[in-house]
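Peer 1: Chains A and B are the protein sequences, given in the same order. Just so you know, we're using our numbering here: the first sequence kicks off at 1 and counts up by one. Just so you know, we're using our numbering here: the second sequence kicks off at 1 and counts up by one.
If you're looking for bench data, these hints aren't it; they were derived computationally from the structure. Worth double-checking, as some hints may not be accurate.
Since the list can't tell identical chains apart, any single copy or any two copies may satisfy a pair.
[Claimed, not checked] Below, simulated DSSO-like cross-link-like pairs (lysine-lysine); rule was C-alpha separation at most 30 Å, straight line:
| id | residue 1 | residue 2 |
| --- | --- | --- |
| 1 | 57 | 84 |
| 2 | 20 | 9 |
| 3 | 57 | 20 |
| 4 | 57 | 5 |
There are 2 protein chains.
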Amino acid sequence: MSVIKLSDKFATFSEQWAPKLVGSVDDYDVKIVKIEGDFVWHEHADADELFFVIDGKLRMDFRDRSETVNAGEMIIVPRGVEHKPFAESECHMMLIERTGLANTGDGAASERTRAPEAI
Amino acid sequence: MSVIKLSDKFATFSEQWAPKLVGSVDDYDVKIVKIEGDFVWHEHADADELFFVIDGKLRMDFRDRSETVNAGEMIIVPRGVEHKPFAESECHMMLIERTGLANTGDGAASERTRAPEAI
Numbered sequence: 001m002s003v004i005k006l007s008d009k010f011a012t013f014s015e016q017w018a019p020k021l022v023g024s025v026d027d028y029d030v031k032i033v034k035i036e037g038d039f040v041w042h043e044h045a046d047a048d049e050l051f052f053v054i055d056g057k058l059r060m061d062f063r064d065r066s067e068t069v070n071a072g073e074m075i076i077v078p079r080g081v082e083h084k085p086f087a088e089s090e091c092h093m094m095l096i097e098r099t100g101l102a103n104t105g106d107g108a109a110s111e112r113t114r115a116p117e118a119i
Numbered sequence: 001m002s003v004i005k006l007s008d009k010f011a012t013f014s015e016q017w018a019p020k021l022v023g024s025v026d027d028y029d030v031k032i033v034k035i036e037g038d039f040v041w042h043e044h045a046d047a048d049e050l051f052f053v054i055d056g057k058l059r060m061d062f063r064d065r066s067e068t069v070n071a072g073e074m075i076i077v078p079r080g081v082e083h084k085p086f087a088e089s090e091c092h093m094m095l096i097e098r099t100g101l102a103n104t105g106d107g108a109a110s111e112r113t114r115a116p117e118a119i
């Protein structure tokens, strides 16, 4: 049970859209990720998903609107709501969600699907 | 599903050691709290607990050592481990833990026990 220094963790990788596992709370993952550009539309039918912006700016697109999330802010996407993260320039985020969720949602895996790697 | 701006949320209260509920992920609470000084020794036999420091400095005491957690860092206290948060000066934290956990742990409620209030 050591202190998790996010800046040190972010410094260990440069890959984008590849969540890294930095801890867990019961059966919930604490992950960090670097994103830039557009992702794919997806949803998690039975799981909420928390996005906490550490650095940069996230635009979370929904089918009917978008929300801008700045550093120090978060958005929780409720289960069953289609969403698509986007970042104009590189954005660093912390994610909290139930262990085992696919980053690309409930559909078939795609070239964007990544299992989190513990770092 | 709106953006949760932690600085705005922290500005709405001044009470210390009184967790406020700002969101939830499935049946996990996302809470914020202001602390200063010493808390009580406690544990949660069957639940992990995440402490993310937003501002200030947390010293998490364990029976055999202490860990210092600065802003932008976190510590996850595993289930069954006695701990006692301490802050020399006011520290702002985000907590993530299963809904329903008592802030003072598994024992009988005390004058430090607080149910989280949604803000």
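Peer 1: Would you pick out the hints that fail for this structure and give their numbers low to high?
Peer 2: none
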